[in-house]
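Start from the sequences and build out the full structure, keeping to the hints where you can.
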Amino acid sequence: MTHDQPLLVVRDLTKYFPIKRGVFGNISGQVRAVDGVSFDVAAGETLALVGESGCGKSTTGRAVLRLVEPTSGSVYFEGDDLLALGAGDLRRVRRKMQIVFQDPFSSLNPRMSIGAIVREGLTIHRLAEGSAADARVRQLLEEVGLRPEYATRYPHEFSGGQRQRVGIARALSVEPRFIVCDEPVSALDVSVQAQVVNLLQDLQRDRGLAYLFIAHDLSVVEHIADRVAVMYLGHIVEHAPVDALFSTPTMPYTQALLSAVPAPDPGVKRERILLAGDVPSPANPPSGCVFHPRCQHPARDAACAAIVPPLEEKAPGHWAACIKQTPTAVSWEAQRAAGGASPPEFYIPRAALHRSLDTSHSSPASE
Amino acid sequence: MTPPLLEIETLHTSFSTEAGIARAVDGVSFQLHAGETLGVVGESGCGKSVTALSILRLVRPPGRIEAGSAIRFEGTNLLALAERDMQHVRGNRIAMVFQEPMTALNPVFTVGDQIAEVARIHAGASRRSAAAKAVEMLALVGIPDPAQRATEYPHQLSGGMRQRVVIAMALVMNPALIIADEPTTALDVTIQAQILELLADLTRRLGTSVLLITHDLGVVAENCSRVIVMYAGEVVEESTTVELFAHAHHPYTEGLLGAMPRVGRGAERLATIPGTVPAPTAWPVGCRFRERCAFAWDRCAKDHPPLYQLGSGHQSRCHLAEEPNRRAHPHTPLAAASGVASA
Ligand SMILES: Nc1ncnc2c1ncn2[C@@H]1O[C@H](COP(=O)(O)OP(=O)(O)O)[C@@H](O)[C@H]1O
Ligand SMILES: Nc1ncnc2c1ncn2[C@@H]1O[C@H](COP(=O)(O)OP(=O)(O)O)[C@@H](O)[C@H]1O
Ligand code: SF4
Ligand SMILES: [Mg+2]
Ligand SMILES: [Mg+2]
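Protein sequences appear in the order of chains A and B.
Counted from 1, the first sequence has number 489 at position 268 by the working numbering; the numbering is strictly sequential.
Counted from 1, the second sequence has number 245 at position 66 by the working numbering; the numbering is strictly sequential.
If you're looking for bench data, these hints aren't it; they were derived computationally from the structure.
Keep in mind that the hints are not guaranteed to be accurate.
[What the hints assert, rightly or not] Derived coverage of chain A by chain B (criterion: at least 3 residues anywhere in the stretch with Cβ under 8 Å from a Cβ of chain B; other residues may be distant):
| hint | segment |
| --- | --- |
| 1 | 437 to 449 |
| 2 | 469 to 479 |
| 3 | 485 to 496 |
Glycine included, every Cβ here is placed at the ideal spot set by N, Cα and C.
Set out below in structure tokens:
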């Protein structure tokens, strides 16, 4: 992590989608897709945003780029307040912020050649024209591991991994400093996924790119991220450097998420935190801690349903939102006043500790 | 030793396409024993799903199972059965769970009615006892408030809940074998954990065998005692899961294991397999993995490797079994050396 002023600063970002019902489209409620999210991304670093489907990752990524209009909050990029910018200024800033989507099939226009897709940004932002643009397109294709002569071909002629490379070349064409990668490898086979992950890492090293890397696969995240933010029901519930998150998962939801990752280690019989039921609807989130109905912290009690846990620094640089994990600024007296019965105590179940178990990797089979 | 529950012998399934005959499954043989959970892994397009559909004889034209194939299940060659008898097998002895649960559910009936229908047809239950059975099965697969859920339609349930309903439907008939084709691929990891735990629990309690098709080696490691690796329409490696993870032999298996990010391994660079699976209309001569392989030598371009026996229950379709010294000299695979990565 660098100590420069962050490239991107996001504060209290909120996006509510109205729920329309009936023939008159009356607004009958709101989906709280993103509910007060704050984070920074420094130049050249990767912040991963993880969580299960529907927790608000994509909406966060899009709201940061103003591809969806945030309901409230602020987004600063290189010091510019994005939400205050007019159309002209927004376009100028957007050149430096790009996005790569999960689905390499629907995100490329099937009627445009690969060359035209990559060239579009050059034209829109008047970065190159004519033969200079042609040369630039060829160079970009090579840089992402595609043959320059592919420029005349069309998306349907390519595999998923190749299309994802085209999407990356398109993002790179305008020389961004920051890319939102929205599940860029989730749809790919493991061998191809590894190629694209390595490509993203090489490009970051060579160009000093910053990524907001959205994923639901924690094992990929551990490979690519410097820091990780865990989302649940529109909230960031934990936020830490990657090593700290994996070695000391603190928010009980993070613990459950980590324990659910299958361990590719047939000799080790892992314990598992099995969460009951499904994620509640973001149209009607639980009171207090949004995770409390499924939480398995031994001290969970009525206070969890009453008090909204602040995202607080539990260890240097390690933030988590849980009033039962010590230290906490929510005093035991306050918790008791809210109906609490069990004092806070720090707790990490064995099942959440992948790292210590995996060090015994070559352990013989226990059959 | 008791005969295997399922025995597949030189299964060939192909599709006539504009580009020629696609030999999707090209001589696959394996056995599955009663009570066993057997994993099948490989990249997409390797023939895993077509193998599953072939077992149930659900391959539709332009696809066909070629003469000379045999699928023996509980001692009967399924390929020789009349369609009526095959329907009985599908409805009573072998159940299938797909990646997308909606393919197995009817959107216009409540989930309770759908399970009850299966109970009526296959167990001959009366209307009332079938309805009770449906609620009982929903409870068995861990659906909270099963009586209420039974009255709901599939679209009212989450993806994980729907997959449980499909498993409940499969279980009503008390099958000997469940074929699960990527049953958790569309689900979140915490829901995947619930569903796999459910399957494991059911196999323990009911003795059901499972053919678990997945692209996730982590899922194999935790759930399967044996595993088959498929590549380009063939079995390229077969072994116990423990042996496969400790001593993978085939370079493709090694590649899959190396490419897999693992929690606990930190930021070390991922190994990759260059290139992609070739087209099933034109499998390469010699070893089908040759262009992507770091050990390939001239023999690999000429001779199609057989499944070599490496030890008890461990087989690999790689000539390194006969010339192990060549492992000491890896080189850049053809698919990577031909200029650019081609994923
Ligand atoms: N355009 C939209 N209109 C209404 N609801 C939406 C829209 N986009 C997303 N949502 C809802 O917002 C929540 C968060 O969605 P999303 O950001 O896509 O989650 P994720 O990317 O983590 O899977 C979900 O409940 C989703 O249904
Ligand atoms: N209906 C079909 N028509 C033509 N080719 C098909 C059909 N179904 C499958 N195939 C081909 O068979 C091969 C194996 O497919 P499949 O068994 O689905 O792979 P996997 O499940 O391992 O991803 C693929 O190359 C696929 O294109
Ligand atoms: S047979 Fe040859 S090409 Fe095929 S996997 Fe073995 S070494 Fe590689
Ligand atoms: Mg998303
Ligand atoms: Mg398949």
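Which earlier hints can't be squared with this structure?
none
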